[in-house]
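Asks: Sequence:
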Amino acid sequence: MERWQVAHADEIAPAWAGTDWETVRARMLEQDPAALARWELLAEAYPDSDRTSHSVRRHFGISSFGASMYRASTGNPLVVPHDETQYGQEELYLIVEGRARYACDGAEGELGPGDLLYVQPEVHRELFALDTPTSVFVVGGVSGRAYAAPSWAPDYRPPAA
1 MERWQVAHAD
11 EIAPAWAGTD
21 WETVRARMLE
31 QDPAALARWE
41 LLAEAYPDSD
51 RTSHSVRRHF
61 GISSFGASMY
71 RASTGNPLVV
81 PHDETQYGQE
91 ELYLIVEGRA
101 RYACDGAEGE
111 LGPGDLLYVQ
121 PEVHRELFAL
131 DTPTSVFVVG
141 GVSGRAYAAP
151 SWAPDYRPPA
161 A
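The numbers in the sequence shown follow the numbering used here, run straight up by one, and end at 161.
Incorrect hints may have been included.
Each pair of labels, with its calculated beta carbon distance range [said to hold, decoys possible]:
1) Gly109 <-> Ile62: 23 to 31 Å
2) Ala17 <-> Val80: 13 to 21 Å
3) Ala160 <-> Asp115: 16 to 24 Å
4) Pro113 <-> Arg157: 31 to 39 Å
5) Ala146 <-> Arg99: 34 to 42 Å
6) Val80 <-> Asp115: 18 to 26 Å
7) Glu110 <-> Pro158: 33 to 41 Å
8) Leu92 <-> Ala7: 13 to 21 Å
9) Glu108 <-> Ala43: 20 to 28 Å
Just so you know, the hints here were simulated from the structure itself, not pulled from any lab data. Values in this document were obtained by computation on a predicted structure and should not be read as measured data. Just so you know, even glycine gets a beta-carbon here, dropped at the ideal spot from N, CA and C.
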């Protein structure tokens, strides 16, 4: 692996690229049913969503923190409504382009290019695109712990017994 790399977001594939939904669903049901339930509720609520994900961490082979990018058009979800209480993960969101509406524990606001939103694990959060396109870059990790791929990721490995 190179010591440094450059990529455009459009070159970075989704985490589950090339995998059919039934395979993803079966694996998620086994690894993280709560995350699967969130994804299915979102798909039901937004059946025509054009949200795309870009698995930045996997693309670059990053092993010390989580990193993803999401892109959507006006009215579509960028970040699935959720909290990270179960996982303990802190998250930092950076709006790269467009504008987004956020809701954190019921408080709402708007973010534009260059705006950052930091969220502690127990905060219920969601982001929706207000412009076409809107892109958000997300970094996450658990304080005081070595990084491990999340249970919903294709490269997840259960902790050693």
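Asks: Now tell me, hint by hint, if it's right for this structure.
Replies: Hints, one by one, checked against the model:
no., hint, verdict
1, Gly109 <-> Ile62: 23 to 31 Å, "holds, 29 Å"
2, Ala17 <-> Val80: 13 to 21 Å, "holds, 18 Å"
3, Ala160 <-> Asp115: 16 to 24 Å, "violated, 40 Å"
4, Pro113 <-> Arg157: 31 to 39 Å, "holds, 36 Å"
5, Ala146 <-> Arg99: 34 to 42 Å, "holds, 35 Å"
6, Val80 <-> Asp115: 18 to 26 Å, "holds, 20 Å"
7, Glu110 <-> Pro158: 33 to 41 Å, "holds, 39 Å"
8, Leu92 <-> Ala7: 13 to 21 Å, "holds, 20 Å"
9, Glu108 <-> Ala43: 20 to 28 Å, "holds, 23 Å"
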